[in-house]
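Participant: Each chain, letter by letter, is given below.
There are 2 protein chains.
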Amino acid sequence: MPKRPSTPDTALRSRDRDATARAIVLAAKQVLAEDGFQSFGVNAIARRAGCDKQLIYRYFGGLEGLADAIGADLAAELADELAPFSVEPPPATYGQWMERLALGLLELLRRNRLMQQINAWESAMPSPLVGRLVESRSVRLAQWMNETRGGLTAPEGADAPAVNALLIAGIQQLVIAASANGQFAGLSLRDDEDWLRLKAAVSAVIRATYGAQPQRS
Amino acid sequence: MPKRPSTPDTALRSRDRDATARAIVLAAKQVLAEDGFQSFGVNAIARRAGCDKQLIYRYFGGLEGLADAIGADLAAELADELAPFSVEPPPATYGQWMERLALGLLELLRRNRLMQQINAWESAMPSPLVGRLVESRSVRLAQWMNETRGGLTAPEGADAPAVNALLIAGIQQLVIAASANGQFAGLSLRDDEDWLRLKAAVSAVIRATYGAQPQRS
DNA sequence: CAGATTTGTCACCGGTCAGTGACAACTGGG
DNA sequence: CCCAGTTGTCACTGACCGGTGACAAATCTG
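Residue numbers (numbering that gives the first Met the number 0), protein chains in the order written: chain A, 0 to 216; chain B, 0 to 216.
Bear in mind the hints are in silico, worked out from the structure with no lab data behind them.
Idealized CB from N, CA, C, for every residue including glycine.
Honestly, I wouldn't trust all of these hints.
Derived list of chain B stretches under chain A, where covered just means 3 residues or more per stretch with a C-beta under 8 Å from a C-beta of chain A [as the list claims (entries may be wrong)]:
id, segment
1, 25 to 35
2, 95 to 109
3, 120 to 132
4, 164 to 175
Assemble the whole structure, with the sequences as input and the hints as a guide.
Facilitator: Right, dumping it as structure tokens:
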């Protein structure tokens, strides 16, 4: 046979733009989830995707366009992960709703290393790049909250937005810290028992603040 | 006059090793506080200190030694900032103590951009370098907590370590998010009124969880 | 004064980064 | 079959990084 310069059986690595673009998005998500936002650059992503970085510029117009593609990907993913928490019977009180939301968010965030990295990135060094990633996520989350809250309102005297922001921020920070250091403020956060203990504390705080009994009106 | 190659009046920039070392530590703190841990490198610090990066290696043995020097600096600073919260009359209940601690930490952290950056750094990408910065701070804080808590103990039924970690994590995350984005989860955190509102929420949560009345025993 | 030491500066090395232009290899339509 | 367009690769630039060796300038010590 005459010498064929390359790719004897080219069936595997067929020249498929869509497949390559998908591989790049996947590689970018992996790089971000596993190596952190420090490594989120064209070189590392192309290396991981097994293609040339030039393709990132050609197919996505650079990192920003790629971030948009990832954001769209994430929005769909988030919707899927959020769905299980909606099918249960609707909460009877605002406190029940918030408790379910907080515990669900904790569990979801704990198992999703990609979202952890995005949150850490957003906190550590906000940039238009990470902003594009966050946008779709927060929109989808707010939408889910409105759907599940029903007509429930917080008890009078409690500043629900402030209290909820405090609790969600705490959960987010604890998940990030656990992923980074395995503990926070002396509280170990490694195995499931540790997390069960924290979840109990979250429930206790919410019930104490919003009350366990139904609201009037 | 004959041509003198450099520094016509060398009185200002006298060759003083200690002064130069202090200038480097100051520059490093400024770089970290203002530009974030991304910029915490020998080049940026030397540029800001107005000297050559070689001196960082000579006087501190590299970035790690410099971090140790900053840590010592910070420990003293923290002790000064913590002092005002100790002079008041001792708290009567565990909840009062925790409330004072949480609000004090919030205020302290909010006004100290350097500690914000260190916390963000620690969460985003733990490294031996940032570990050296964190160590002295956490030791000093734990010491202060033991001194001010007196003999107070948490009410039975409340998992104080978990609840406190949740609250402190929330405060920390909110301060960082405010510094980065001016808001969190839709809660604006820009002017003093916003912070007053958050502080009220912190107090309300702590009182609801630990109870406003004194503990027995 | 003379020589050694300290203090400070500069130039350079290898490496990684983002971004770009040129080119090779493959594919499909005429 | 041939040619145009697509897909992918490679080499290169310029910038910045951490780190180091060589050297100039000031200071101290005898």
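Participant: Hints broken by the structure, by number, lowest first?
Facilitator: Result: hints 1, 2 break, sorted rising.
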